[in-house]
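Number of protein chains: 2
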Amino acid sequence: MYEFFRQYLNEITSSIISDAEFQHIEEAFAIKSMKKRQFLLHEGSVCKYMAFIVKGAMRHYSIDEKGNEHIVRFGVEGWWMSDRESLRMQTPSKYNIDALEDCDLLVATNEQLNRVKELSPLFFRMAHLLDERHSIANQNRVHASICYSSDEKLLDLMKNYPDFLQRFPQNMLASYLGISPETFSRVRKQINAK
Amino acid sequence: MYEFFRQYLNEITSSIISDAEFQHIEEAFAIKSMKKRQFLLHEGSVCKYMAFIVKGAMRHYSIDEKGNEHIVRFGVEGWWMSDRESLRMQTPSKYNIDALEDCDLLVATNEQLNRVKELSPLFFRMAHLLDERHSIANQNRVHASICYSSDEKLLDLMKNYPDFLQRFPQNMLASYLGISPETFSRVRKQINAK
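Residue numbers (this note's numbering), protein chains in the order written: chain S, 11 to 204; chain H, 11 to 204.
Please note: incorrect hints may appear among the correct ones.
The list cannot tell twin chains apart, which means a pair is met if one copy fits it or any two copies do.
[To be verified] Quick list of in silico lysine to aspartate or glutamate cross-link-like pairs, EDC-like style, CA-CA up to 16 Å:
no., residue 1, residue 2
1, Lys127, Asp141
2, Lys65, Asp114
3, Lys127, Glu36
4, Lys46, Asp112
5, Lys58, Asp108
6, Lys76, Glu162
7, Lys46, Glu87
Hints in this document: simulated from the structure, not taken from any laboratory.
Could you build the full structure based on these sequences and the hints that come with them?
Here it is as C-alpha cells:
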C-alpha cells in the first residue's frame, strides 16, 4: 500500500523521499478498505478524509431534487478523492463519494494533512504540483462543458480518458459529461461507425 | 500598485510579509498597463505572464469554429489571470485573454514565478492557498455546468458574483454560463419579477 504511494510521491515531485520524511507520511495516512457501493462521504455530512486510491474506482456526485445523479469526478488508481471545500472549511457537503469497485485507500484527516505538510517539504511540494494539475484539468473541463457539443464532449473523453469507457457504465459516463444516456449512446454509435 | 498586492498577500496568508521578503516579490513582478480591448494572450501563442489585477476587468475565453466566444473566466481587482496550462507547459494556448476595461496589472513570467516561490516562503504559501481556492471554485463551476438548469445557473451567479451583473454585458454573462443570450434575458426577467 505505502510503497505505491511512495513511488507516486517520488514520480510527481521528481525526487527521492528519505525514509525519515516518508515516516511522517506513513503516520499521517491510514489504510482504509471499502467494498463496492460503500460511501466515503454522504451529502449533508462534513467530509472527513482526503483519500488516495491505491486500488479500485470511485465517483464523486450530487443528487438533484428530481433524484438524478450528476457525476463531478471519477477517481481511479493514483488519483485523490475528497470534497475539498467540505474538508477544508469543515462545512456539510453537497456531494456523495462512493466506491464503484472494491477499493484500497490511504486516508488522512484535515488536521493530519496540515501537519504532514509542515513536517514534509516534499509532501507540501507534491500538494502544490497536484493543485496546479487539478486547476489545469478543471479549467479544461469547464471549457468543455460550456462550449463543446455532445459529440465533442465524448470525443474529448475518449481522447483523454480512454480507460473510462471500458471501466464505467454508459449512464455514468453520460452523467459525467452532462448529456442524456440516449444522446451518449447515439453519439457513441456515430463515432464508432466513422 | 505594489502596496495593494502587499496587503493582498498579507490577507490571504494571514501573515505580515517582511520588507526583505517583499523585495523579492517586487523584483519578480513588473507593472503593466493595458487599455480596454488590448490582449494579454492570443490563441496559438504561448502564455507569457501570470497577471495580478490591481485595477480593471479581464476575460479569458475561446472562440469556436463558428466564431462564437466562450468565456471561461472573468477577472477583477485582486484576481489572477493566466492560461496556466500554456504558462507552465510552455505550449500554445487555445484561449484569448483581453481587457474589458483599462487595467493595471502586476505580471511575472514562469521563470520569475518559480524563482520567487523559492525565495519567498510566504509567496509559496499564498500560491498554495490560492490553488486550493481555485480548485474549490472550479469544482463548483463544473458541478453547476453539468447539473444546473439555466435558472439555477443565473441564480448561482447572482448569489456568488452579484457585481458581475452590473459590470459585464448580458451577452458575456450568458457565454460565461453556457446559455444563449435569449435564455439569459428571459430567465433574468422571470427572476426579477419574482
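Do the hints match the structure? See the list:
no.: 1; hint: Lys127 to Asp141; in the structure: both (14 Å within a copy, 15 Å between copies)
no.: 2; hint: Lys65 to Asp114; in the structure: within (5 Å within a copy, 49 Å between copies)
no.: 3; hint: Lys127 to Glu36; in the structure: within (13 Å within a copy, 27 Å between copies)
no.: 4; hint: Lys46 to Asp112; in the structure: within (5 Å within a copy, 54 Å between copies)
no.: 5; hint: Lys58 to Asp108; in the structure: within (14 Å within a copy, 41 Å between copies)
no.: 6; hint: Lys76 to Glu162; in the structure: between (27 Å within a copy, 14 Å between copies)
no.: 7; hint: Lys46 to Glu87; in the structure: within (15 Å within a copy, 46 Å between copies)
Comparing the model with each numbered hint stated earlier shows that all of them hold.
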